[in-house]
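Construct the entire structure; sequences and hints are all you get.
Take a look at the letters that make up each chain.
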Amino acid sequence: MNPHLEQEKADAELVRAVARGDEQAFADLYDRYSSILFGLLLRILNGRAEAEDVLQEVFIQVWQKAGDFNEDRGRAFTWLVTLARSRAIDRLRATESRDRTAVRAARETIEGEINADEEAIRSEEGAFVRSALAEIPAEQKRTLVLAYFEGLTQSEIASRLNEPLGTVKTRTRAGLTKLRELLRSRF
Amino acid sequence: MAHEDYIERIILDLLGELDPAERGELETHLASCAACSREAKAWRNPVHALAYTVAPIAPPAEVRAQLLKRVAVLKAESSTTSSAKQANEISVDQEKSHQEKSNVVVLTPRSAKDEAVRFGRSSFFSAAIAAALVIAALIISLIYLWSRNQALQTELAQTYGRLSQVQGELEQARDEKIILTAAESRIRVLEGTKVAPRANAVLSYDRQTGRTLFYASNLPQAPAGKAYQLWFIADSKPISAGVFSVDDAGRATLRSQVPSSGLNASLFAVTLEPAAGVSSPTGDKYLLSSAS
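From first to last, the protein sequence lines are chains Z and A. Note that the working numbering has the first sequence beginning at 1, numbered continuously upward. Note that the working numbering has the second sequence beginning at 1, numbered continuously upward.
If you are wondering where the hints come from, they were derived from the structure by calculation, not from laboratory data. One thing to keep in mind: the hints can contain errors.
[As the list claims (entries may be wrong)] Stretches of chain Z that chain A covers, calculated by requiring three or more beta carbons in the stretch to come under 8 Å of a beta carbon on chain A:
1) 20-28
2) 39-49
3) 148-160
[Said to hold, decoys possible] Anything over 12 Å on all C-beta distances counts as not near chain A; from chain Z, calculated:
4) Glu6
5) Gly74
6) Ala132
7) Ala138
C-beta atoms are modelled at their ideal positions from N, C-alpha and C, and glycine is treated no differently.
Laid out in structure tokens, this is it:
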């Protein structure tokens, strides 16, 4: 069997075992994905303590809602990332005041808004997605990163980049379409 | 709504932009439209594959330990609830089986003595079963209350932790606001040198009060016994603005108070120094502002 498909099946089996109340499967799932989810939470949120807090909330949700996981809707990894990202973005939108936004904006300027693809990538999947992202035009990549990692809405991106909303929407759609084509063989 | 509009909605949903009503409407449509449902799946995996572009960072070991403990408590709570349910079901089954036996007895003639003995045994067993059930229920309740108490204590400790963290963040945010909005506020960008080409930082300080905020990214971990030191350089004279270390992700935040002699600085730098800091720079420069 294709090793990626094999991994996908093994992940789905782990989630099903968690749904049956298997604590060892839960620990295995945590060991397999906590680092990548923690990296994602640190990328989205403001601080380490907050990221640790959200990581715990996400995995408690995994324990309680594993029965809701439906393989037909997507991979186990996709399900985990969806849970983690939604919680992080909710937290960000709930706590981020105007003042903090100003500080974040200052930080982003120096961190580079398209920095996500410049991080050290250790996994094979990371290298694959990173190379796909490198083929997407810079302005499309920028809107994707602002939407995905900063949790900005299309209107907020338009206002941040001082571009018309229609342009931002077109770029997002075009960037994601290209990403989908480039990742088709594996995702 | 046209098929194309639903694709727009699917994408916005994956980015987390739909409100609950819009999500509900989309989910209802996906449940009844096989084509859109396939389309949603085809977008879902590649969009969230973006998460793979972030460098994995191991969370602290205590997060794992706390989680496994919380999960064990949740599991104990849920098994306590199902045990109580099972005990209830057993009692109903026993009652049924007792009734069935009674029915058989009515059809089988017995002497009065046999009936008395049978009744006596039956009463004894019924009482014993009832007592056992009461004891079991008490034990289950105690276990449940104990585990609930443990869980509440853990939650209380976490809530206190969160409260103090939020208070700390609030104070930091106030400080940041004061510095960023001050009339004499200055913001400078520092870039990585040859020894740390990916590093960068932003520095803001109030020239009136000397209050300083500094955020750095992508700095390498300092070796044991070493730390980074921020310098304000005024008239070629370096003034220390504090010593800092970086987290696992290579990020650092420094808040400090710079002496008035440094507030006319035109150049800013970060060097690697002994962990206690030094009075003037000795080590390699890692970050440097452009001259102005």
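Hints and how they fare:
1. 20-28: holds (count 4)
2. 39-49: n = 8 at 8 Å, threshold three: holds.
3. 148-160: holds (count 5)
4. Glu6: At roughly 16 Å from the nearest Cβ of chain A, glutamate 6 of chain Z sits farther out than 12 Å, so the non-interface label holds.
5. Gly74: violated, 4 Å
6. Ala132: violated, 8 Å
7. Ala138: holds, 15 Å
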